[in-house]
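I would like the entire structure built from these sequences, with the hints used as guidance.
Residues per chain are reported as follows:
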Amino acid sequence: MTTARDEVLARVRAALTSGSAGSTGMSSSAGPSDDGMAADVSREYRESGEHAVGSAAALELLVDRLEDYKAEVHRVSAAEVPTAVARLTAALPSGDDVPERAESAGSGPTPGPDAIAPAADTPRGRVVAPSGLEPEWVAAMSDGGVEVVVDTPEAPLTPSDLDRTAAVVTAARVAIAETGTIVLDAGPDQGRRAISLVPDVHICVVRADQVVQTVPEAVRLLAHHPDRPLTWISGPSATSDIELNRVEGVHGPRTLHVVLVDAASHRTLTWSG
Amino acid sequence: MRIALAATCLGDAMFPQAPTAVVRLLERLGHTVVVPEQQACCGQMHVNTGYRRQAVPVIRNHVRAFGPVADGEWDAVVVPSGSCTGSIRHQQSMVLDRAGLAAEARTATAVASRTYELSELLVDALEVTDVGAWFPHRVTYHPTCHSLRMLGVGDRPLRLLRAVEGIELADLPEAEGCCGFGGTFALKNADTSAAMLADKVRNVTGTGAEFLTAGDYSCLMHIGGGLSRSSRAVRTIHLAEILASTRERPWLAESAGGAPVSESSGTMRSTPAGDASKGATR
Amino acid sequence: MTAEHTAGTSSTTTFLGMPQPADPLRWGSSFPEAARRELGNDQLRRNLGHATSTIRAKRAKVVGEVPDWEALRDAGSALKTQVMDNLPELLEELERNVTARGGVVHWARDAAEANRIVAGLVRAKGTDEVVKVKSMATQEIGLNEALEAEGIHATETDLAELIVQLADDMPSHILVPAIHRNRAEIREIFLDRMGDAPPDLTDVPRELAMAARAHLRRKFLSAKVAVSGANFGVAETGTLSVVESEGNGRMCLTLPETLITVMGIEKLIPRFTDLEVFLQLLPRSSTGERMNPYTSMWTGVTPGDGPSEFHLVLLDNGRTRVLADEVGRSALHCIRCSACLNVCPVYERVGGHAYGSVYPGPIGAILTPQLTGEPSDLPYASTLCGACYDVCPVKIDIPSILVDLRAREVESGSAGRGWGAAMKAASMVMSDGGRFRRAARLGRVGRVAGGRDGVIARLPGPGAAWTDSRDLPLPPKQTFRDWWAAHEREGADDERSGGDRPGSERPRTGRPGTDAPGTESR
Chain E
4 MTTARDEVLA RVRAALTSGS AGSTGMSSSA GPSDDGMAAD VSREYRESGE HAVGSAAALE
64 LLVDRLEDYK AEVHRVSAAE VPTAVARLTA ALPSGDDVPE RAESAGSGPT PGPDAIAPAA
124 DTPRGRVVAP SGLEPEWVAA MSDGGVEVVV DTPEAPLTPS DLDRTAAVVT AARVAIAETG
184 TIVLDAGPDQ GRRAISLVPD VHICVVRADQ VVQTVPEAVR LLAHHPDRPL TWISGPSATS
244 DIELNRVEGV HGPRTLHVVL VDAASHRTLT WSG
Chain R
-13 MRIALAATCL GDAMFPQAPT AVVRLLERLG HTVVVPEQQA CCGQMHVNTG YRRQAVPVIR
47 NHVRAFGPVA DGEWDAVVVP SGSCTGSIRH QQSMVLDRAG LAAEARTATA VASRTYELSE
107 LLVDALEVTD VGAWFPHRVT YHPTCHSLRM LGVGDRPLRL LRAVEGIELA DLPEAEGCCG
167 FGGTFALKNA DTSAAMLADK VRNVTGTGAE FLTAGDYSCL MHIGGGLSRS SRAVRTIHLA
227 EILASTRERP WLAESAGGAP VSESSGTMRS TPAGDASKGA TR
Chain L
601 MTAEHTAGTS STTTFLGMPQ PADPLRWGSS FPEAARRELG NDQLRRNLGH ATSTIRAKRA
661 KVVGEVPDWE ALRDAGSALK TQVMDNLPEL LEELERNVTA RGGVVHWARD AAEANRIVAG
721 LVRAKGTDEV VKVKSMATQE IGLNEALEAE GIHATETDLA ELIVQLADDM PSHILVPAIH
781 RNRAEIREIF LDRMGDAPPD LTDVPRELAM AARAHLRRKF LSAKVAVSGA NFGVAETGTL
841 SVVESEGNGR MCLTLPETLI TVMGIEKLIP RFTDLEVFLQ LLPRSSTGER MNPYTSMWTG
901 VTPGDGPSEF HLVLLDNGRT RVLADEVGRS ALHCIRCSAC LNVCPVYERV GGHAYGSVYP
961 GPIGAILTPQ LTGEPSDLPY ASTLCGACYD VCPVKIDIPS ILVDLRAREV ESGSAGRGWG
1021 AAMKAASMVM SDGGRFRRAA RLGRVGRVAG GRDGVIARLP GPGAAWTDSR DLPLPPKQTF
1081 RDWWAAHERE GADDERSGGD RPGSERPRTG RPGTDAPGTE SR
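Protein chains in written order, with our numbering: chain E, 4 to 276; chain R, -13 to 268; chain L, 601 to 1122.
Worth flagging that the hints you see were computed from the coordinates, not collected in a lab.
We put the CB at the ideal spot given by N, CA and C, even for glycine.
It cannot be assumed that every hint is accurate.
FRET-style restraints, in silico, Cβ to Cβ [as the list claims (entries may be wrong)]:
id	chain 1	residue 1	chain 2	residue 2	range
1	R	R218	E	A59	49 to 59 angstroms
2	R	G86	L	S1014	16 to 26 angstroms
3	L	R1089	R	R(-12)	57 to 67 angstroms
Given below as structure tokens:
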């Protein structure tokens, strides 16, 4: 008995070798090529942009795109990151960011959509951090009175645990200016995918030297470790399913803060070196 | 230039005003027009309806009729139709090739490479945009799908129209939307076609134009058929007719008195609106 | 039975849906009939008109800002051609890499086999509930219904799919399955069917989205098994990718212990870096965004991160039949962006249900008949206006394939007999100048059908399809050819000899009074 695998592959091979009689000139492919992969893929598109990695222009573009997606951008120097992260986590909203629903949800007997905000027993401002997050940032948050829960591979939080945290703070792998995209590759300072998904607020720290202009620049960087789980994030969760109107905030984090660390050190390097 | 005119089957039999106007225009510009007697049809209707086998003799006839252009006997072939030009350029050699007629397919390619839609001929080959025309009327232009997308004539027709003395051009809302003709589509999917037509008619009448022009009488026949049931008098007129019109010899007088013309284009009717208006989107 | 709108069991519902068909690729009445029905639905027309014009404008804006868009399309098209040419090798490469990374690869010849595989995997996990990411492949095979028959409930988690599922409806768009619904209808569906919708729910889109968030969150947190499709499968690395907006995809791909991905065999791309082409083409073409909110990529199983068990089901279900046709093959290049639906003047007016397939619109009109291999009237559901080809991010020449499929319909004898006879006769006439000249002159006989004002307002027989909505002009009194003959006799450009002007009678009515030269000169 032939397996489904054998049969499907046999069908594919048969389909490619049969072809329809009398080539039409409409389809130029004459069938499988020997080497296949090398053949004829024109790549006339831009493989990089005109802005250097981390340049002021690239950063401006990124900020413009992020804000267009309703992400909140905070530009800081490297020294200011701990303060910025601490300030953002200390000021966390209760998760209730639907003003028009707030009153009815609070007073009515039926839990409104907003009831999915951190459960009643959630310490206000509980934040999850990946195990490799910059210790200085974690310390600053703790000093600000925020409970920081560190998610480690040895003791991962359950989805329900994560649902009871108000926010997550991560670093990033690379950011794409033209599309306003931040990519996480599950590195130690970003953590496993679930932690940046379930909490309602995502605070993501992006360094200037991680900002490339174009998609190909980012993909080529990521291609060094293609097997890492990747999450490309372009603004907060959104839907356009109702009359094609974009609504920010569905299942993923409804608020995305991007702490963009300006390349102050570059300037330092310029005069010192 | 010696220019062979492909009148198109529709132009020859139903809308002679278009090829007639092309003759007037090109002769006025000092060119010699030739009308090969053997011509009939480009085969588009057969190909697009799926009757490829039946299209073969039609296409062979066209290629035979216009073959001399490939040998340099004429400088170009002009077609007052975007869709026929598109079929000549993108379908004929493919169909012949599939029928195993490789040599004729090559001739078809050669003929096609010297075949121009009217606005292409004027702007690209003859390098003229001001043809000295005079047409003191409010006109709106519908870019037909095949001229726009299959040929990519771009704004050539509009450049020609803008240079016409006395013309008042009105922008057509949703101009690039299909009118719903699509050859046999209008018959096979009559309801959908009528709904598309209704939207086009609404947009055309909304411009307040006296005339709707386009580079293709097939689409004009369709839109004109809808317009003639609407309450506003908008006539359809081929781009060639406007360009043929001069102060000395205004086209409307010519067509009323000297040139053959189908009578109905835009004829006002009092018939109550039919399905076309019922299908209008709001 | 025909897929007429039928009243649901709930007597108060006004959101009557398209009932689930037995075959998601072939249901309902003929296209012209279904189109006529949908055209009669004013609400649908308004919803569609609003949605498609919104998305068209968004797409045009973000595509316009990409300087190398055409080069990206060329690369996308070339890559997909390369995939088809090397499909066996690439499939084996993908299988190797997924397996090496801890995934399990399954092969399915058809829908039934794929459904059996998925049901078996779910049952083996000891659960009767799965969460689902929106996926065309699982729609195509009717997975939800097949699972239901096995006692397994699949919850659609994409907002639009949830709307469709709750309303017992069929999707009407590839990207926005509930595009035929407006906010008021969605509110009603949620209130009636969701079970836990807030009673004071309004129709503000944000509130509706929040209701869906609340409804689904508990399911996400507790689900054991998720089912997804895939936008891309990278042969070189075994990496799978899902492109989405809401985060429901991330939830499904990340939280449950087991992930089952059903992917058509054509969804491959050769190399990881080829993603750089498609991740630019897809979001701008589909939602009109520079980038969609979330894209997930995973390669087999990553210990400690996401599902501990990953199954990939590779689906044929007619794809090899499509592949066998050298012209039609490029329909398999489709990356399901749905840009062709949004620009299609036919789709815009009739909506997705008229196509009687989970693949509606222009791409559906070429994909559905090829996947099923059955006679179809879908290839005729187009004016060949070419708007679809212009926007296709991988340059599928949909109009040419439609024409090709029409030829196949004719050659297999499934086109109407009357048409065949007419086309044969026309071919005879139109393949000879002399015959055509005589026929065109005869056409003038048609003038007797005309009314008083120079038009034909009512034709008998099949011609009525024309005159139901349009007038037809009378044939002219003189053909062009006859005019030309006279013109030549008289010498070029000498009209003043009035002897040969058969068309000289003035039209009767309605012409703007500009016939006299110079009357309107300034």
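Hint check:
{"no.": "1", "hint": "R:R218 - E:A59: 49 to 59 angstroms", "in the structure": "holds, 58 angstroms"}
{"no.": "2", "hint": "R:G86 - L:S1014: 16 to 26 angstroms", "in the structure": "holds, 24 angstroms"}
{"no.": "3", "hint": "L:R1089 - R:R(-12): 57 to 67 angstroms", "in the structure": "violated, 20 angstroms"}
Going through the hint list in order, the structure does not satisfy hint 3, though it satisfies all others.
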